[in-house]
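Hey, can you work out the whole structure from these sequences and the hints?
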Amino acid sequence: MEWIYIGLTIFFWGLAPVFDKTALKTVDPAIGISVRMIWAALAMILFVLFSGKTETVINFPFKNISFLFVSASVSLLGYLFYFKALSKGNASKVVPAVAIFPLVTAIIAFCIMGEPFSIQKLSAVILIVSGIFLLH
Amino acid sequence: MEWFFIGLTIVLWGISPVFDKMALNAIDPVLAVAIRMMAAGSIMFIYVFVFNKAEVIKKLDLKSIILFVTASSFSLLGFVFYFKALSGGFASKIVPAAATYPLFTSIIAFLIMKEPFSIKKLAAIIFIITGVALIK
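First to last, the sequence lines map onto chains A and B.
Numbering-wise, our numbering puts 39 at position 39 of the first sequence, and it's gapless, one number per residue.
Quick note: to get our numbering, add 136 to the position in the second sequence (first position is 1).
Hints were generated in silico from the structure; no laboratory data involved.
Any given hint could be a false lead.
Said to hold, decoys possible - Covered stretches of chain A, going by a simulated chain B footprint (3 or more residues, C-beta under 8 Å):
#, segment
1, 13-21
2, 27-39
3, 89-95
4, 109-123
Think of the CB as a built atom: it goes at the ideal place given N, C-alpha and C, for glycine as much as any other residue.
Structure (structure tokens):
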């Protein structure tokens, strides 16, 4: 059953940038992000209300919510540059190229958070860098 | 120029999960996604009003709005199936499998948007996806 869910995830995540790219031919990236994010926020507000989780959300620790706000802000800035790249370049190049962001997370996790590094991760870095070099 | 924007996106999206990780120590991941989306929506809502962009959004053509709303909904649906897969299987299998979605975007971009295709591009995408799968 989980492979059906994985397939649906790939389908929906894979198709979303095609719609973004088409709309960005005529719309400013910041306006595009506004429409996209406000819509997502409304959908999430409805989800929280209808799933009966309002109390849980209201009682979330302030520290955790602050971290999520910081994460959302940093991610939004990323979206702004992603949309700028997507409006200028081909989706088949920009989407795979930005997909390497877990590499930056892994480097930060290794350097700052002291998470373990392995030969597997080193192989991953070599493959990603080679891929980006080929895509350039 | 698009590589400059791609680089900034990678750095910002790479940093963002570090804050998610700090926030996720005692809260439900699905609700964390909901709060993160609501935070992003609120920030963009404030941006629209502070920078007087409401008029620009009102003047957007229906096609662009439908494209962004569809992209946003597809991303959210992707999240729903991703979490459903994660709840039923091993993260070590599901996370790398879901990370292959840029390949699907590229295939759609080649087939529907008629973006140029080359063996070099295909090799690059496979290298990047394999690398990202290994790092996750």
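Hints, one by one, checked against the model:
no., hint, result
1, 13-21, "holds (count 9)"
2, 27-39, "holds (count 12)"
3, 89-95, "holds (count 7)"
4, 109-123, "holds (count 6)"
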